[in-house]
Amino acid sequence: MSPDRRKGKLGLDPAEIRKARSLARTVGRPIVSLAKKHTTVSVERATLRLAGLQGADADGIPWVNRLADVVRADLHDSDPGGGLAHGVALPVWDALRRGEAEDLSTLAQKASAGSVRFRLPEGRDEKAASTAARTAVGRGIKRIDARRRERERMIAKVGDAPRTPWIYLIVATGDIYEDIPQAQAAAREGADVIAVIRSTGQSLLDYVPEGATREGFAGTYATQENFRLMRAALDDTSRELGRYIRLTNYASGLCMPEIAALAGLERLDMMLNDSMYGILFRDINPIRTFVDQRFSRQIHARAGIIINTGEDNYLTTADAVEAAHTVTTSQLLNEYFAKEAGLEDWQLGLGHAFEIDPEVPDSFRLELAHAMLARDLFPKAPLKWMPPTRHMTGDVFKGYLLDGFFNLVGALTGQGILLVGMMTEAVMTPWISDRDLALQNVRYVMNAAGSLHEDFRPRDGGFIQHRAHAVLEEASGLLLDIQGRGGGLLDAIADGTFGLMKRPPDQGRGLDGVAKKSRAYYNPASELLEAK
Amino acid sequence: MSQIVRPYGDTTGDGMVQVSFTLPIPHDKIAEGAAAQLANKMGIDPALVVHAKPMGDGFTFFVVYGRVNHLVDVSKVEIVERDYPLLTPKEANAAIKRTMRRRLVVVGGCIGTDAHTVGIDAILNIKGFAGEKGLEYYRELKVVNLGAQVSVPRLVERARQEKADAVLVSQVVTQRDAHLLNTREMSAAFRESYPADRRPLLVVGGPRFDETMATELGVDRVFTRGTTPGEVASFIVHRITQRKAS
Numbered sequence: 001m002s003p004d005r006r007k008g009k010l011g012l013d014p015a016e017i018r019k020a021r022s023l024a025r026t027v028g029r030p031i032v033s034l035a036k037k038h039t040t041v042s043v044e045r046a047t048l049r050l051a052g053l054q055g056a057d058a059d060g061i062p063w064v065n066r067l068a069d070v071v072r073a074d075l076h077d078s079d080p081g082g083g084l085a086h087g088v089a090l091p092v093w094d095a096l097r098r099g100e101a102e103d104l105s106t107l108a109q110k111a112s113a114g115s116v117r118f119r120l121p122e123g124r125d126e127k128a129a130s131t132a133a134r135t136a137v138g139r140g141i142k143r144i145d146a147r148r149r150e151r152e153r154m155i156a157k158v159g160d161a162p163r164t165p166w167i168y169l170i171v172a173t174g175d176i177y178e179d180i181p182q183a184q185a186a187a188r189e190g191a192d193v194i195a196v197i198r199s200t201g202q203s204l205l206d207y208v209p210e211g212a213t214r215e216g217f218a219g220t221y222a223t224q225e226n227f228r229l230m231r232a233a234l235d236d237t238s239r240e241l242g243r244y245i246r247l248t249n250y251a252s253g254l255c256m257p258e259i260a261a262l263a264g265l266e267r268l269d270m271m272l273n274d275s276m277y278g279i280l281f282r283d284i285n286p287i288r289t290f291v292d293q294r295f296s297r298q299i300h301a302r303a304g305i306i307i308n309t310g311e312d313n314y315l316t317t318a319d320a321v322e323a324a325h326t327v328t329t330s331q332l333l334n335e336y337f338a339k340e341a342g343l344e345d346w347q348l349g350l351g352h353a354f355e356i357d358p359e360v361p362d363s364f365r366l367e368l369a370h371a372m373l374a375r376d377l378f379p380k381a382p383l384k385w386m387p388p389t390r391h392m393t394g395d396v397f398k399g400y401l402l403d404g405f406f407n408l409v410g411a412l413t414g415q416g417i418l419l420v421g422m423m424t425e426a427v428m429t430p431w432i433s434d435r436d437l438a439l440q441n442v443r444y445v446m447n448a449a450g451s452l453h454e455d456f457r458p459r460d461g462g463f464i465q466h467r468a469h470a471v472l473e474e475a476s477g478l479l480l481d482i483q484g485r486g487g488g489l490l491d492a493i494a495d496g497t498f499g500l501m502k503r504p505p506d507q508g509r510g511l512d513g514v515a516k517k518s519r520a521y522y523n524p525a526s527e528l529l530e531a532k
Numbered sequence: 001m002s003q004i005v006r007p008y009g010d011t012t013g014d015g016m017v018q019v020s021f022t023l024p025i026p027h028d029k030i031a032e033g034a035a036a037q038l039a040n041k042m043g044i045d046p047a048l049v050v051h052a053k054p055m056g057d058g059f060t061f062f063v064v065y066g067r068v069n070h071l072v073d074v075s076k077v078e079i080v081e082r083d084y085p086l087l088t089p090k091e092a093n094a095a096i097k098r099t100m101r102r103r104l105v106v107v108g109g110c111i112g113t114d115a116h117t118v119g120i121d122a123i124l125n126i127k128g129f130a131g132e133k134g135l136e137y138y139r140e141l142k143v144v145n146l147g148a149q150v151s152v153p154r155l156v157e158r159a160r161q162e163k164a165d166a167v168l169v170s171q172v173v174t175q176r177d178a179h180l181l182n183t184r185e186m187s188a189a190f191r192e193s194y195p196a197d198r199r200p201l202l203v204v205g206g207p208r209f210d211e212t213m214a215t216e217l218g219v220d221r222v223f224t225r226g227t228t229p230g231e232v233a234s235f236i237v238h239r240i241t242q243r244k245a246s
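Chains L and H are the protein sequences, given in the same order.
The working numbering puts the first residue of the first sequence at 1, with every later residue one more than the last.
The working numbering puts the first residue of the second sequence at 1, with every later residue one more than the last.
These aren't lab readings, by the way, just hints derived from the structure by calculation.
Take the hints with a grain of salt, since some may be wrong.
[Stated by the list, open to error] With a cut-off of at most 16 Å between alpha-carbon atoms, the simulated EDC-like pairs for lysine to aspartate or glutamate come out as follows:
#: 1; chain 1: H; residue 1: K53; chain 2: L; residue 2: D436
#: 2; chain 1: L; residue 1: K339; chain 2: L; residue 2: D460
#: 3; chain 1: L; residue 1: K398; chain 2: L; residue 2: E359
#: 4; chain 1: L; residue 1: K9; chain 2: L; residue 2: D506
#: 5; chain 1: H; residue 1: K133; chain 2: L; residue 2: D319
#: 6; chain 1: L; residue 1: K9; chain 2: L; residue 2: E454
#: 7; chain 1: L; residue 1: K110; chain 2: L; residue 2: E189
#: 8; chain 1: L; residue 1: K516; chain 2: L; residue 2: D506
#: 9; chain 1: H; residue 1: K53; chain 2: L; residue 2: D57
[What the hints assert, rightly or not] Simulated restraints, written as ranges between beta carbons of each label pair:
#: 10; chain 1: L; residue 1: A146; chain 2: H; residue 2: E211; range: 51 to 59 Å
#: 11; chain 1: L; residue 1: R239; chain 2: H; residue 2: K76; range: 55 to 63 Å
#: 12; chain 1: H; residue 1: P24; chain 2: L; residue 2: S33; range: 55 to 63 Å
#: 13; chain 1: H; residue 1: E192; chain 2: L; residue 2: R239; range: 53 to 61 Å
#: 14; chain 1: L; residue 1: P358; chain 2: H; residue 2: D197; range: 46 to 54 Å
#: 15; chain 1: H; residue 1: S20; chain 2: L; residue 2: D175; range: 26 to 34 Å
#: 16; chain 1: L; residue 1: F397; chain 2: H; residue 2: I4; range: 27 to 35 Å
#: 17; chain 1: L; residue 1: A212; chain 2: H; residue 2: S151; range: 27 to 35 Å
#: 18; chain 1: L; residue 1: F397; chain 2: H; residue 2: L48; range: 14 to 22 Å
#: 19; chain 1: L; residue 1: A212; chain 2: H; residue 2: V74; range: 46 to 54 Å
#: 20; chain 1: H; residue 1: P24; chain 2: L; residue 2: S115; range: 56 to 64 Å
Since we're looking at a predicted model, the values are computed, not measured.
Note that CB positions come from ideal geometry on N, CA and C, so glycine has one too.
Could you put the whole structure together from the sequences, leaning on the hints where they help?
The structure is reproduced here in structure tokens:
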């Protein structure tokens with residue numbers, strides 16, 4: 001092979017790369033068709049949210065949950081195969097057309113009081129209900145489009161982050177009104193992206209809490225009002241600083257599609273959105289996850305939101321050297337699923353992390369090889385580079401050095417998004433001084449070596465190239481192995497291939513919220529999102 | 001016998017320490033004086049403010065070196081002594097075989113909303129921690145790892161189902177003492193659901209726990225930062241085999 005045909009700094013063989021991508025496609029395709037054949041309670045509730053249904057009852061249960069539950073129960077009674085299978089759109093807009101209530105909100109209230117019966121409309125009624133649903137949901141999609149244009153206008157007006165990687169900082173107080181000044185302070189100190197960590201356990205709630213919240217555990221609840229408050233505050237700070245500060249949250253867990261919809265409606269800019277994270281680390285049912293994933297990615301695609309995938313998590317449970325190829329495999333799968341859902345390269349914040357045991361000989365060279373492999377495989381994607389956590393100890397001095405080397409790999413491999421490592425990782429939530437010191441660390445490395453990637457190219461046939469080639473080969477090998485299984489990717493997940501977690505497709509949380517679509521199934525949101 | 005020591009910088013008895021902290025005042029000469037005053041009150045005298053840097057609006061970060069006048073009496077330090085012998089996996093297996101004549105069942109998980117399984121996995125997964133293999137490696141141990149976010153009722157239910165001899169609970173990420181609340185809830189649930197002499201051994205672990213709190217939390221043992229699988233296995237084997245023997 002002539003050297004000019006080889007790719008990037010690692011001289012990867014384009015044929016090898018093509019092979020890996022095509023294997024990811026082969027492995028991913030059955031999952032997409034599975035996702036297309038099913039719907040979930042959260043997809044249906046997200047659809048109602050797009051149509052403008054907001055608010056919650058006196059117990060704090062959102063009206064979307066109340067309404068979807070009644071529709072599901074009514075249709076199940078009239079047709080045992082029914083329930084969710086037809087989607088909520090037809091029964092809901094049929095009821096509105098029949099004059100059961102003047103709007104969605106009243107309908108939800110009446111329905112939970114038991115004074116509305118839902119049915120599956122047929123013939124002309126079906127046609128009329130689907131048209132009405134499409135109009136209502138279309139308004140939500142239009143609002144998402146408007147929010148995307150608003151972001152583009154604002155970036156053009158106030159300016160964008162001046163360089164990459166974007167500096168990504170986390171805020172997590174539990175109280176949105178504490179988070180806001182902290183987030184603004186972090187932006188003033190240099191953060192380009194603010195992530196509001198969610199309260200621990202939100203991923204397992206089968207509803208999205210309502211309103212501004214002040215109580216959370218190790219994080220703040222993701223709610224539409226919290227999204228709105230934080231985005232508005234960061235808009236002020238963006239104008240003050242002359243650069244657009246991006247806001248990140250988490251479209252994961254049982255309500256992933258709804259949170260994606262709320263993010264689009266409230267102009268969040270980046271969302272954590274991994275194809276397998278919920279399955280592996282939250283024990284959410286695999287089918288539920290893949291269905292919710294596809295819908296939420298379609299929303300993100302439409303909203304111009306950058307997704308962040310969660311490959312870094314595998315390395316917190318599995319060994320970062322032995323399992324390096326599972327990161328690459330997952331990145332390839334995440335890329336396939338993302339593109340299939342309409343996301344573009346610039347929206348793919350594929351994750352990877354600096355988690356090799358510092359006692360391992362050549363650990364830095366291995367980290368560099370892995371990070372460079374991700375860069376060369378996905379040259380147009382804004383990769384998300386995650387700091388060490390597993391080998392951070394109470395020795396904050398050593399941790400600070402490790403974070404410096406992490407930053408250096410980031411500089412050498414042109415990462416798009418850099419999550420700032422804290423020396424107090426594994427000790428406590430960061431203090432104001434920890435954050436300042438961490439940002440000094442990043443600034444020093446970027447000032448001193450930010451352009452080093454222009455000069456640096458690993459030696460042909462040297463250790464780094466060799467290691468990267470080996471990892472790519474192992475990743476292809478793993479994809480080939482998955483392809484060869486009768487049950488494909490679902491089988492591999494059941495077997496503990498990723499992050500050593502075994503998750504069979506007939507188990508896990510949220511399985512009872514999954515339904516196979518009937519012939520009559522109609523969802524205007526899916527229709528509008530697919531059409532793009 | 002009392003054994004008195006002082007901190008060591010570079011000369012025996014110099015008493016030198018280094019601290020860093022932030023004061024919520026803007027950086028100026030007064031701030032540096034305030035840092036020195038705090039250090040003095042902490043017993044550091046003379047205090048040398050070697051570094052002062054403004055951080056954000058109205059905060060200053062300091063690094064202070066200096067000599068403390070406190071003495072440490074090592075003989076008066078109270079710790080939880082290891083009251084069980086450290087066993088190799090082979091010895092642990094042999095002890096179980098000898099006294100139990102069946103495998104010893106360990107059920108583990110993270111309770112409450114904590115999703116961080118690093119702690120429980122380091123102890124249970126075969127991969128282990130700090131060069132020691134995890135409990136799954138022990139032939140005579142049957143390990144059931146329930147993973148993250150296990151509710152207390154479910155933990156009790158699974159413990160009964162599996163006829164657990166020991167229950168291991170990890171709490172890593174915690175806020176507002178959630179790890180203590182969760183642990184108390186857990187131990188109460190086990191007390192309620194088992195007769196006292198049949199209750200499995202309850203062991204909790206995590207970086208925020210205090211080893212001396214076992215009784216107060218209603219558990220048999222608390223393990224903190226740096227605990228290895230071998231220590232946990234040795235403790236469990238020691239207690240259970242002792243219980244059987246008596």
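Those earlier numbered hints the structure runs against, lowest number first: Hints 2, 4, 7, 9 contradicted; others consistent.
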